[in-house]
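Protein chains: 2
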Amino acid sequence: MLSKIREKEERIIIGINTGTSADGIDTALVRIKNCGLEAEIEVIGYETFPYSPTLRQRLLNDMGQASAGAAELCIISSYLAEIFAYSAKALCKKLSFPFEEVDAIGMHGQTIYHHPEPLSFPGYKITGTMQIGNPALLAERTGKIVVSDFRSRDMAAQGQGAPLTSYLDYILFNHRARGRVLLNIGGVANVTGIPADSPPERVIAFDTGPGNAMIDSAMLYFTKGEKGYDENGNFAKQGKVNDQLLLKLLSHNYFKKAPPKSLDKETFGKNFCLKLIKENPQISSNDFVATVTQFTINTICGGIKEFILSKDSSYEELVVFGGGHKNGFVMKGIKENFPKLSINSEEDYPILGRGKEAVLYAFLANETLMNRCGNLPSATGASKPVILGSLTPGNEGL
Amino acid sequence: MLSKIREKEERIIIGINTGTSADGIDTALVRIKNCGLEAEIEVIGYETFPYSPTLRQRLLNDMGQASAGAAELCIISSYLAEIFAYSAKALCKKLSFPFEEVDAIGMHGQTIYHHPEPLSFPGYKITGTMQIGNPALLAERTGKIVVSDFRSRDMAAQGQGAPLTSYLDYILFNHRARGRVLLNIGGVANVTGIPADSPPERVIAFDTGPGNAMIDSAMLYFTKGEKGYDENGNFAKQGKVNDQLLLKLLSHNYFKKAPPKSLDKETFGKNFCLKLIKENPQISSNDFVATVTQFTINTICGGIKEFILSKDSSYEELVVFGGGHKNGFVMKGIKENFPKLSINSEEDYPILGRGKEAVLYAFLANETLMNRCGNLPSATGASKPVILGSLTPGNEGL
Numbered sequence: 001m002l003s004k005i006r007e008k009e010e011r012i013i014i015g016i017n018t019g020t021s022a023d024g025i026d027t028a029l030v031r032i033k034n035c036g037l038e039a040e041i042e043v044i045g046y047e048t049f050p051y052s053p054t055l056r057q058r059l060l061n062d063m064g065q066a067s068a069g070a071a072e073l074c075i076i077s078s079y080l081a082e083i084f085a086y087s088a089k090a091l092c093k094k095l096s097f098p099f100e101e102v103d104a105i106g107m108h109g110q111t112i113y114h115h116p117e118p119l120s121f122p123g124y125k126i127t128g129t130m131q132i133g134n135p136a137l138l139a140e141r142t143g144k145i146v147v148s149d150f151r152s153r154d155m156a157a158q159g160q161g162a163p164l165t166s167y168l169d170y171i172l173f174n175h176r177a178r179g180r181v182l183l184n185i186g187g188v189a190n191v192t193g194i195p196a197d198s199p200p201e202r203v204i205a206f207d208t209g210p211g212n213a214m215i216d217s218a219m220l221y222f223t224k225g226e227k228g229y230d231e232n233g234n235f236a237k238q239g240k241v242n243d244q245l246l247l248k249l250l251s252h253n254y255f256k257k258a259p260p261k262s263l264d265k266e267t268f269g270k271n272f273c274l275k276l277i278k279e280n281p282q283i284s285s286n287d288f289v290a291t292v293t294q295f296t297i298n299t300i301c302g303g304i305k306e307f308i309l310s311k312d313s314s315y316e317e318l319v320v321f322g323g324g325h326k327n328g329f330v331m332k333g334i335k336e337n338f339p340k341l342s343i344n345s346e347e348d349y350p351i352l353g354r355g356k357e358a359v360l361y362a363f364l365a366n367e368t369l370m371n372r373c374g375n376l377p378s379a380t381g382a383s384k385p386v387i388l389g390s391l392t393p394g395n396e397g398l
Numbered sequence: 001m002l003s004k005i006r007e008k009e010e011r012i013i014i015g016i017n018t019g020t021s022a023d024g025i026d027t028a029l030v031r032i033k034n035c036g037l038e039a040e041i042e043v044i045g046y047e048t049f050p051y052s053p054t055l056r057q058r059l060l061n062d063m064g065q066a067s068a069g070a071a072e073l074c075i076i077s078s079y080l081a082e083i084f085a086y087s088a089k090a091l092c093k094k095l096s097f098p099f100e101e102v103d104a105i106g107m108h109g110q111t112i113y114h115h116p117e118p119l120s121f122p123g124y125k126i127t128g129t130m131q132i133g134n135p136a137l138l139a140e141r142t143g144k145i146v147v148s149d150f151r152s153r154d155m156a157a158q159g160q161g162a163p164l165t166s167y168l169d170y171i172l173f174n175h176r177a178r179g180r181v182l183l184n185i186g187g188v189a190n191v192t193g194i195p196a197d198s199p200p201e202r203v204i205a206f207d208t209g210p211g212n213a214m215i216d217s218a219m220l221y222f223t224k225g226e227k228g229y230d231e232n233g234n235f236a237k238q239g240k241v242n243d244q245l246l247l248k249l250l251s252h253n254y255f256k257k258a259p260p261k262s263l264d265k266e267t268f269g270k271n272f273c274l275k276l277i278k279e280n281p282q283i284s285s286n287d288f289v290a291t292v293t294q295f296t297i298n299t300i301c302g303g304i305k306e307f308i309l310s311k312d313s314s315y316e317e318l319v320v321f322g323g324g325h326k327n328g329f330v331m332k333g334i335k336e337n338f339p340k341l342s343i344n345s346e347e348d349y350p351i352l353g354r355g356k357e358a359v360l361y362a363f364l365a366n367e368t369l370m371n372r373c374g375n376l377p378s379a380t381g382a383s384k385p386v387i388l389g390s391l392t393p394g395n396e397g398l
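First to last, the protein sequences are chains A and B. Going left to right, the first sequence walks through residues 1 to 398 as the working numbering numbers them. Going left to right, the second sequence walks through residues 1 to 398 as the working numbering numbers them.
Be aware that one or more of the hints could be misleading.
In this list, chains with the same sequence are indistinguishable; a pair is considered to hold if it fits within one copy or across any two.
[Claimed, not checked] Straight-line Cα separation of at most 27 angstroms, DSSO-like style, residue types lysine-lysine; simulated pairs:
id, residue 1, residue 2
1, K4, K33
2, K89, K125
3, K275, K256
4, K89, K384
5, K125, K93
6, K94, K125
Think of the hints as simulated: they come from the structure by calculation, not from any bench. Quick caveat: nothing in here was measured; it's all calculated off a predicted structure.
With the sequences and hints as input, model every part of the structure.
Here it is, written out as structure tokens:
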């Protein structure tokens, strides 16, 4: 089965991503010829299936370090696999694409915990990452080979397990004459810098800091659960940045560290944000959201300037992906910071669009199926390239 | 890589098991020719690597439904993989077998949660099982293909995910003239009935009830952590069974259900036992241990009589495996119940010995590598045979 798939001229793969914001299931149906630097990727279509508000809230709670026990994680892992299977089939139906022709599914799963900083155990330094979404159940319901658990192997090789997007970014966006910075603003914000005319080893990638997570958490809190995000940044626009709080936030050690570096969801997540709100009762809701939005802008722009633009003069373009590119306050801040860069967003690359992260897991699944390494050590900090993920047999085996 | 392994005349596989009692890591080095009913299994050697008392206690705590959060499970999963890797290498070293010649590792992982009874979710009935032991880390440290997560696929096909041992039991113990009952007394006790001259579809297997889990928990409690088990049943022998408590325990609904059925570790686990001790302060420590030991005996023997011996007259032999066979109190009880059966123990089948469960995961890994189904639906209750587990590539890929 695996050898047959490898011999095919092109593979049809569904990528499934569920971001740290836990807003829904992003799916992409992708046709891939070849692999590695020769990969030719055609996105047949993509679709987002939002989580119900109840499930979203449950997942956000589960991500808290102390809150989710084994029973909850185990059962929700199976439940997610059921709705991933539903989503994969619904995607094909919507695109009128025969599901039988799909060769495999690349499933990232919902990240519940990510700890790339080593903890000391007798004789060992231990890191770990946990994504839920039961691959055996997804394979059984769809009959397809499932590739999953993409981050663990990179971490086993001393990497941060993130960002994984750099390799695909390189393949899609490397340009002979034009250096490009790719920014993805999800729950966390991450960037990839691809200097003009460079081999993949020169790609720089890291998490800059918070993306939408703090803004979303603050909005949920101030609107008593009514709004889960700040539409176009309108709520922040009515506020004034509190400089004292902003300076305190910017003094966090993470921003001083050079890449490779990555964040877990907790560091600038919901609990961090709620604690901050409680410690600063004097700051109005609009001012608070304006401040954390400005915090997001400053850490994104600071990271890009210090660790990417300063290293190479070929950068001409910045492309913004992810939910955050719809926040006018954020986009205005970014544009003001980079007057010399041409600023584009995912709408300018419609073939990827908001399906980019889902396309990534289809692409990485293809690499794994083809026995190729899928991490870029220059981005993740791993000691070497490794084959990412585990394969769960489809109905016809492997 | 996978095709090469499939074409080999025999495969060398290490099986790694960690039972629900969390006493240590059982490893077995196994040479397997062919697969399925034609499999020829040679156990080159086996070895147990006990957990440290600290780790054992930590794992037992983690198994509690409410106690282990995502952070703990994720980090311990990686730590276990490190010591599994160490154990696999140490096993080969001890047997003077070149580690380079090992083709794959079958890793069961430490069960943290197992819930085969369906829970209702909108539109779905959800079950789940969780074993920890990071397969990507084990693959990275050993360079070997790792087969893991053996139970999920059977449960995705409506099975109980247990017992998985029946298929191997059938291959090793089916006999033209002699029906055999195989009993394994681990934390939980499970039996497999193989009538004489029968196809695998006639195998009956299920968990009978508690194995050593309650006895061990009570011993730990009464000896203030000094003794983790009742050596040869000597502690129980000094007590007297409390009939009232025994009758109450035997009235549990589980014993009335017909197979297929399986137990999670919780139902007759540590917390259940400690609660019972607190509810019965009038019962002395020796009497309490005698009573839960008798409970173990009665449920094992009752299950065998009602659901195995009554269905077929060919049974002549009972073979007892697992830590419980060293408990003289338990063995005496079993012998008294079955005067007509020839009672043997794992010492009578030295090639398997206490490595049996570890051999099982080497055997099941071989089935998965060979694209074969590894569950017996008559034992697990699954709707069909399925390929078990996920494959994580070794250093040379899949």
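Each hint, compared with the structure:
In this assembly of identical chains, K4 and K33 lie within 27 angstroms of each other by CA distance both inside one copy and across copies; the values are 14 angstroms within and 25 angstroms between. Proximity of K89 and K125 under a CA criterion of 27 angstroms is satisfied inter-copy only: 19 angstroms between copies versus 41 angstroms inside one chain copy. For the homomeric pair K275 and K256, the shortest alpha-carbon distance inside one copy (23 angstroms) is at most 27 angstroms, but the shortest distance between copies (51 angstroms) is not. With identical chains, the CA atoms of K89 and K384 are at most 27 angstroms apart between copies only, with a shortest distance of 22 angstroms across copies and 36 angstroms within one.
Within a single copy, K125 and K93 get their C-alpha atoms only as close as 47 angstroms, which misses the 27 angstroms cut-off; across copies the closest is 24 angstroms, which meets it. Taking identical chains as interchangeable, the C-alpha atoms of K94 and K125 lie at most 27 angstroms apart only when they sit on different chains, with a minimum of 26 angstroms there against 47 angstroms within one chain.
The structure is consistent with each of the numbered hints, conforming to all of them.
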